[in-house]
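Based on the sequences and whatever the hints tell you, model everything.
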Amino acid sequence: MGGEYHFLTHWRVRGDLDEVAEILSDPLDLPRWWPSVYLDVRELEPAAAGGVGQVVELHTRGRLPYTLLWRFRVTNVERPHRMELEASGDFEGRGVWALSQEGPDVLLSYDWRVRARKPLLRRLSWLLRPLFSWNHRWAMAQGERSLRRELERRAAR
Numbered sequence: 001m002g003g004e005y006h007f008l009t010h011w012r013v014r015g016d017l018d019e020v021a022e023i024l025s026d027p028l029d030l031p032r033w034w035p036s037v038y039l040d041v042r043e044l045e046p047a048a049a050g051g052v053g054q055v056v057e058l059h060t061r062g063r064l065p066y067t068l069l070w071r072f073r074v075t076n077v078e079r080p081h082r083m084e085l086e087a088s089g090d091f092e093g094r095g096v097w098a099l100s101q102e103g104p105d106v107l108l109s110y111d112w113r114v115r116a117r118k119p120l121l122r123r124l125s126w127l128l129r130p131l132f133s134w135n136h137r138w139a140m141a142q143g144e145r146s147l148r149r150e151l152e153r154r155a156a157r
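Just so we're aligned: 16 in my numbering is position 16 of the sequence shown, and the numbers increase by one with no gaps anywhere.
No lab work stands behind these hints, which were simulated from the structure alone. It cannot be assumed that every hint is accurate.
Stated by the list, open to error - In silico lysine to any residue, SDA-like type, Cα no more than 25 Å apart, as pairs:
#, residue 1, residue 2
1, LYS118, GLY62
2, LYS118, VAL55
3, LYS118, TYR66
4, LYS118, ARG148
5, LYS118, VAL41
6, LYS118, HIS136
7, LYS118, ARG73
8, LYS118, GLY3
9, LYS118, ALA139
10, LYS118, THR9
11, LYS118, LEU8
12, LYS118, GLY89
13, LYS118, LEU68
14, LYS118, ARG42
15, LYS118, GLU92
Just so you know, these numbers come straight off a predicted model, no measurement behind them.
Structure (structure tokens):
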């Protein structure tokens, strides 16, 4: 098992499905609306029609005293319901966002299956797995709060 992780995160936010999909489809804006985790994002390759093919490099952090440098390529978009990516760098794997509208709320799930490649994470995974998992849950909780704030900011415009 080593440095392999599987996280399934569920969010519920008040908003419109298309607007939430629009926010999540713009990774270059992540440092603005999710600043507690995303330090920097650079586009390396633009998206083709429909959003597929975009490659971005991300510098991220959690609550623990380390940062991650990684990339993702958008591999599938079924907007507004599904977005998939392949990750590489300090970890590698696959992430899938699934979105649906339920009344005034948008339900989101993020299925994140990754393998640690950063030496610190890979070497200590056997010992610190609960701490690394807590760090991921903290980062995703920040994301849900940040997405709510972004939707409130947009609604106030």
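Outcome of the hint check:
1. For the given pair, LYS118 sits about 14 Å from GLY62 by alpha-carbon distance, which is consistent with the 25 Å threshold.
2. Between the alpha carbons of LYS118 and VAL55 the distance comes to roughly 20 Å, so the proposed pair stays at or under 25 Å and holds.
3. Taken as a hint, the LYS118 and TYR66 pair is honoured in the structure, with Cα atoms around 10 Å apart against an allowance of 25 Å.
4. Only pairs whose Cα atoms come within 25 Å are accepted, and LYS118 paired with ARG148 is rejected, the gap being roughly 31 Å.
5. Proposed proximity of LYS118 and VAL41 is supported: the alpha carbons are some 18 Å apart, at most 25 Å.
6. Using a Cα cut-off of 25 Å, the hinted pair LYS118 and HIS136 holds, with the two alpha carbons roughly 15 Å apart.
7. Restraint check: the Cα-Cα separation between LYS118 and ARG73 comes to about 19 Å, which is no more than 25 Å; the hinted pair holds.
8. Only pairs whose Cα atoms come within 25 Å are accepted, and LYS118 paired with GLY3 is accepted, the gap being roughly 10 Å.
9. Pair hint LYS118 plus ALA139 holds up; C-alpha atoms about 18 Å apart against a cutoff of 25 Å.
10. Taking the CA atoms of LYS118 and THR9, the gap is near 22 Å; set against the 25 Å cutoff, the hint holds.
11. A distance of roughly 21 Å separates the Cα atoms of LYS118 and LEU8; the hinted pair therefore holds under the 25 Å criterion.
12. The suggested pairing of LYS118 with GLY89 holds, with an alpha-carbon distance near 8 Å, which does not exceed 25 Å.
13. In summary, the hint linking LYS118 to LEU68 is supported, as the alpha carbons are separated by about 8 Å, within the 25 Å threshold.
14. Taking the CA atoms of LYS118 and ARG42, the gap is near 20 Å; set against the 25 Å cutoff, the hint holds.
15. For the given pair, LYS118 sits about 10 Å from GLU92 by alpha-carbon distance, which is consistent with the 25 Å threshold.
Going down the numbered hints, you'll see the structure goes against just number 4.
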